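2 protein chains.
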Amino acid sequence: MKVDLVIQARWIIPVKPESVTYEKYALVINAGNIIDILPIKDAKKKYQAIVLEQLDNHILLPGLINSHTHASMSLMRGIADDLPLMDWLQNHIWPLEQKWVGEAFVRDGTDLAIAEMIRGGTTCFNDMYFFPEITAGQAIKQGIRACIGLIVIDFPSAWAEHSEAYLKKGVALHQQLCNESLITTAFAPHAPYTVSDEPLSKIRALAKELDIPIHMHLHETQHEVEEQKNKTSQTPLQRLHQLDLLNPSFMAVHMTQLSDLEIDLVKKTGTHIIHCPESNLKLASGFCPITQCLEKGINVALGTDSAASNNDLDMFGEMRTAALLAKGVSNNASAVPAMTALKMATINGAKALGIEQKTGSLSIGKAADVIAIDVDQLETQPLFEPISQIVYAASRHQVSDVWVEGKQLLKNRNLTTINCDDLKSRVSEWQLRLKNNINL
Amino acid sequence: MKVDLVIQARWIIPVKPESVTYEKYALVINAGNIIDILPIKDAKKKYQAIVLEQLDNHILLPGLINSHTHASMSLMRGIADDLPLMDWLQNHIWPLEQKWVGEAFVRDGTDLAIAEMIRGGTTCFNDMYFFPEITAGQAIKQGIRACIGLIVIDFPSAWAEHSEAYLKKGVALHQQLCNESLITTAFAPHAPYTVSDEPLSKIRALAKELDIPIHMHLHETQHEVEEQKNKTSQTPLQRLHQLDLLNPSFMAVHMTQLSDLEIDLVKKTGTHIIHCPESNLKLASGFCPITQCLEKGINVALGTDSAASNNDLDMFGEMRTAALLAKGVSNNASAVPAMTALKMATINGAKALGIEQKTGSLSIGKAADVIAIDVDQLETQPLFEPISQIVYAASRHQVSDVWVEGKQLLKNRNLTTINCDDLKSRVSEWQLRLKNNINL
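Protein chains in written order, with our numbering: chain A, 111 to 550; chain B, 111 to 550.
Think of the hints as simulated: they come from the structure by calculation, not from any bench. One or more of the hints may lead you astray.
When chains are identical, the list treats them as one kind, so a pair holds in a single copy or across two.
Stated by the list, open to error - Derived lysine to any residue pairs resembling SDA-like cross-links, with alpha carbons at most 25 angstroms apart: (1) K534 to N522; (2) K126 to S473; (3) K126 to E319; (4) K545 to P149; (5) K134 to E539; (6) K251 to D531; (7) K126 to D197; (8) K318 to S535; (9) K521 to D531; (10) K378 to A282; (11) K134 to N546; (12) K468 to Q286; (13) K151 to E274; (14) K534 to E274.
Computed from a prediction, not measured in an experiment: that's the story for all the values here.
Turn these sequences into a full structure, and let the hints guide you.
Next up, the structure:
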């Protein structure tokens, strides 16, 4: 049988089934989908490849899913570090956003984020930011998968005047994007303290009607929880539950403050947790108790948050930090073993985003969202256990090739859809504007 | 004036003076030492370089100092992950060491570690392992700076039979190495629970006589502290103080368990702390309270520990983890800012090792231990603050060039003293031996 692409690899870690590593296997791709995974010797007999890739020193993985981003904030990478959250937001990030965020900012910032993500093996991101139509357009243009957040916030921005306007623009954008194979959408009410009950109730109704998920910051800091409790004697989580928002289509981002009862509520409602360990550390927000949550059977996915509070979009680093931090915080060296961290960065993300049928594992019938990691470098030698090596030793700089829906976006470390020099010069203009806070 | 080498760089971060970044400066090197740092335009007039390096998109830093390693254990990278400390040691690491550790193991493992360290911008390491004469020989051969631990432990190993024999071999090795410009030595009693009072007292006397430091694991786990308290009603730290070991020549590695009184004792005695955040996380050992220690004025340096419990020798990663973790643990986003993390990985290490006069900063009169980081990659763009970018965004894979005592060990990512293919084939033989636990 003639097929578009056969990738022969030294190892394939499909993620599903779990804890399995195929050695000297081939991944067979046709019309953008995975149609077979079998020993190389059998693939040679069964398939004629139009394109044949031989990756003798590589591990193939499903593309990583970054389940929480504000992509275009990459333009503010490192502009204000080592500051407490509210100083960072109120005196640095928000004033800059107010002055600069617009279509051009989101276009260039999203391109920078997409380029970094592809180079780091991320094939799908779950975004929340202003001008989501621009983010969606750039994702489609550059060939990466994305879940586009239809942002809602009580305050005016350059994108919309009030929550009603955000909602209207969001629904229109959803309609516009609903036939794009790379794109899904989610309502993205910013946070409990920035979105009031009325728009939240409308979002709940619309999300059910349109059958799309909701993506929201929740219990990011102790301050957030205490402020709400002082106002209403409810925690933000309890308030959202009362508003009937918690269900298997709800992605709660951060969740650093959780009582045992609240963990039970998250489990009972099927709510997904998006864990952002590096951002939570950098802003000193607290520790999400993921070991307990995973033990309860809650689906925990992984995100970097924006490059302004991380300061990278590196899912390899995030897996490693998630695994190491969970061991430290739970005082248990066996907590969040390598395979669990890898699932958090792949299949668990796909589940949270509601696209498990399409991506998140190298499974027959799913889209060919695939990455190759060259482990023939001193930093990943010797190699006893491929899954462990990916999480604890490999770097995103070892990602050699990336495909999304079978289309190659990174070829031997070179981006195929983005012109790096042009992008760098656009970023460098933004650097001047933001640093001096003046128009060029 | 004619000089060996002039490196023109976009930025130079000397570390001393602190928080300073020179832009478009040149570093002037002659006979292995830094003899000037001045604006490029002035350097052009004043010096004729035999070799001129133009690094227009780079940051120059002092070489990083990895203040706690067991270099040759790199051969066991990833051989046993996600296990509790005692299971890991007793059922995996120690049996393998007992069977395999010898001259060949230490030679090949040290080469692997040195290659990884040079490629990652580390120019000096502080080692503790068996066959230290082999480690020293490989460091000299490959051109990297090292403080060689003269290991002492109550138990027999392939290297020595009993503590008296370890001490004798250690002193002889010290004499043999004392004229090597790249090498210093330190007594390296393994840990309080593996070295008894008598050899510790001898070490104290010999260290004073020979004027060399002592490098020791201390308060790594709660178990260690409690076990000792049950035996003697003293903590290990108190016991070492009673034995008169704590002073400005003592490096205490790990220190995850420290009361306020003990922090005062560490400060009062001038003891240095070597913080290994990733190893402490991976083995769930606890959190060293570095924010408090730094506030008290204690010198805190940074180490990776071995690649068997990390699983890399990446000082960029370690700086980032140290800065992020300190913020999380101390609930303060301003704790351990970027400059502090950078000092921990450079000048603080040099102070702990007693080689501050020679290395740890780009200062006139010090050895030319220098690294260049290429920040013209998307992952480090835009660039608002070079020091912040180094700690929070840059990767060791961006280290382009490395010099130790003015000799270039890494040139545009290529090792100059180590043959990578030969090294990989030696490592791959060890992989087979260790994995199958059989002689080849």
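Quiz item: Hints broken by the structure, by number, lowest first?
Solution: 3, 7, 8, 10, 13, 14
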